[in-house]
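So the protein lines, in turn, are chains A and B. Here the numbering used here is used: the first residue of the first sequence is 1, the next is one more, and so on. Here the numbering used here is used: the first residue of the second sequence is 1, the next is one more, and so on.
Any given hint might turn out to be false.
Claimed, not checked - Each computed DSS-like pair below joins lysine-lysine, with the alpha-carbon atoms no more than 30 Å apart:
id: 1; chain 1: B; residue 1: Lys-196; chain 2: B; residue 2: Lys-184
id: 2; chain 1: A; residue 1: Lys-2; chain 2: A; residue 2: Lys-30
id: 3; chain 1: B; residue 1: Lys-196; chain 2: A; residue 2: Lys-30
id: 4; chain 1: B; residue 1: Lys-420; chain 2: B; residue 2: Lys-196
id: 5; chain 1: A; residue 1: Lys-2; chain 2: B; residue 2: Lys-420
As the list claims (entries may be wrong) - Just so you have them, the derived chain B footprint on chain A, three or more residues with Cβ under 8 Å:
id: 6; region: 51 to 61
id: 7; region: 82 to 89
Read the hints as simulated data drawn from the structure, not as lab findings. In this text, all values refer to a predicted model and were calculated from it rather than measured experimentally. Where is the CB? At the ideal position from N, CA and C, for every residue including glycine.
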Amino acid sequence: MKLNIETHGRTTLAIAEGRLDFGAAGGFQKQLEQELSGAALILDCAGLGYVSSAGLRAFLVIARAAQSAGVAFSLCALQPAVREVFDLSGFSRIITVHADRATALAQAAQPSA
Amino acid sequence: MRALDASASVQDAQAGESESALPVALARPRLIDRLPVLRALRSADASIRQRAQQLLRPDHRIGRAFDNIILALIVLSVASVLVEASPGLPAWTRGPFHIEEIIVVAVFSFEYLLRLVAAENRLRFVFSFQGLVDLISIAPFYLAGVDARAVRALRLLRLLRILKLQTHILENTVAVRTRELAEKNASLEQAQAQLKAELDIARALQIAILPASFPAKPGCDGAARMIPATTMGGDFYDFIELPDGRIGLVMADVSGKGVPAAFFMAVARTNLRELALHHDEPGACLAQTNDVLCAQNPMELFVTVFYCVLDTITGVLRYANGGHNPPYVRRADGTVEALNGAGGLVLGAMPGMSYPDHTLQLLPGDRLVLFTDGVTEAFNPADEAYGTERLIAEVRANGEDAAAALVERICRSVTLFAGKAPQSDDITLTVLSWGAPQ
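Next up, chain A with everything else stripped away, as it sits in the complex:
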């Protein structure tokens, strides 16, 4: 599990790569919690091949922390298998998911966001 951080204006873009399972979830969560200083946090999941239930929990914790820090949190570019997990678990109801990175960045750059 790898996480690369880029800054686009006031938006933090985190690019995830690998498998988010029980072993990786703790570190992933801690690392993302440090990136809640901008106006928005986007997690690019194009390189994320697997998310376990412990991984989903990490997403939930980050989403909560972002909400209380006033940071707009969203995901983009989910692989079909991960997208299915998000849809089945109902997580796509409570976490914003964009189709691709460009859409997510454009959305985050809007003043209302």
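Take the given structure of chain A and dock chain B to it, following the hints.
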């Protein structure tokens, strides 16, 4: 007791029998124990040895001071031997030299005895290099007296003691450190064993609260099986007999692993079971269970729950899904389909969620297969997942089986597929079969 109860005589007779058997078993140790002098000596010896060892420990204040005194005396004694041997020494110096020699030998002798007492194996100490050097440095005094000029040179051998003293200190330090390490290791191992034992008990308790059998209802049968993962997981299933005669079925999977997941599983299961008795519709039951779980969820865990209620007379199945894999229904004609209506949010994540109710009309001969992702995400050594296709194929091919047989068949298929790959998640399955009651 005898005075109080006349019937005690039978018990007494039995007690007497077992008592008479006792001395035979204990005969050997008792013989030795009958020599109290020996026993007292042995225990006194052990305590003296312990005290001597404490005095000699170089990592303690007293032991270090003792070592320093010995070192100073060795230097003093070697120096005095050299000075004494030099020609032209005034005659009056002989007296002080004698006294010095007596003091040195007395202290050395005391030290020798102390080390002898402290040694775990005394004979080995006496014949060890260090033991011999110690002895040689005092033996001339005892053999020939203070004036033995012939053996005076031997006293120079005391120089060897400086070397030896260093070894003593080193050996003692190593022994002390080894003992400390062994003690720490032992307590660590003990703690680990205790933790493992407690986890095993917790795991057994967790499995024990799952229902062992399906409620007896005419025309309807159910079976379930959970194959627990090596670590503590959080899968559970439940069969609930509702007040109106219907049967509630639960299939659930708590996020994460270990003790937190197990605790959350127990909380979720208890709440769901309790609330199920007060709700006719599964969706309302899940919604309230979700709110309750959100209010007592400090670890931010969550649980996926599929909950359905079966009218065993009409075959009407009402269900709601909180983020769980949709179950499959296998029709009598062999078709297998996933139940729609998935996508409700997992329970415990966010309060105030609603869970829509759905209806499925079961027909005679239908099978409902509920499972957790431990089934479809069982990996084989080549890192391939068992997957939904294999599961569907298995259900399609064996759907005529009775519920228990179908559960066993799927479990065997999954474990065969996984082979020697470690099982990282609980594998849980429930099969419900319904045929109109006669």
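Okay, the hints, checked on the actual structure:
Taking the CA atoms of B:Lys-196 and B:Lys-184, the gap is near 18 Å; set against the 30 Å cutoff, the hint holds. For the given pair, A:Lys-2 sits about 13 Å from A:Lys-30 by alpha-carbon distance, which is consistent with the 30 Å threshold. Note on B:Lys-196 and A:Lys-30: the hinted pairing holds, with a Cα-Cα distance of about 28 Å set against a maximum of 30 Å. Distance check on the hinted pair: B:Lys-420 and B:Lys-196 sit about 23 Å apart at the alpha-carbon level, within 30 Å; holds.
For a cut-off of 30 Å, the pair hint linking A:Lys-2 to B:Lys-420 stands: about 29 Å separates their Cα positions. As drawn, the region 51 to 61 of chain A meets chain B at 6 residues by the rule of a beta-carbon pair under 8 Å; at three or more, the given contact holds. Given as covered by chain B, the region 82 to 89 of chain A passes the check, having 3 residues with a CB less than 8 Å from a CB of that chain where 3 are the minimum.
The earlier numbered hints are all upheld by this structure, with none contradicted.
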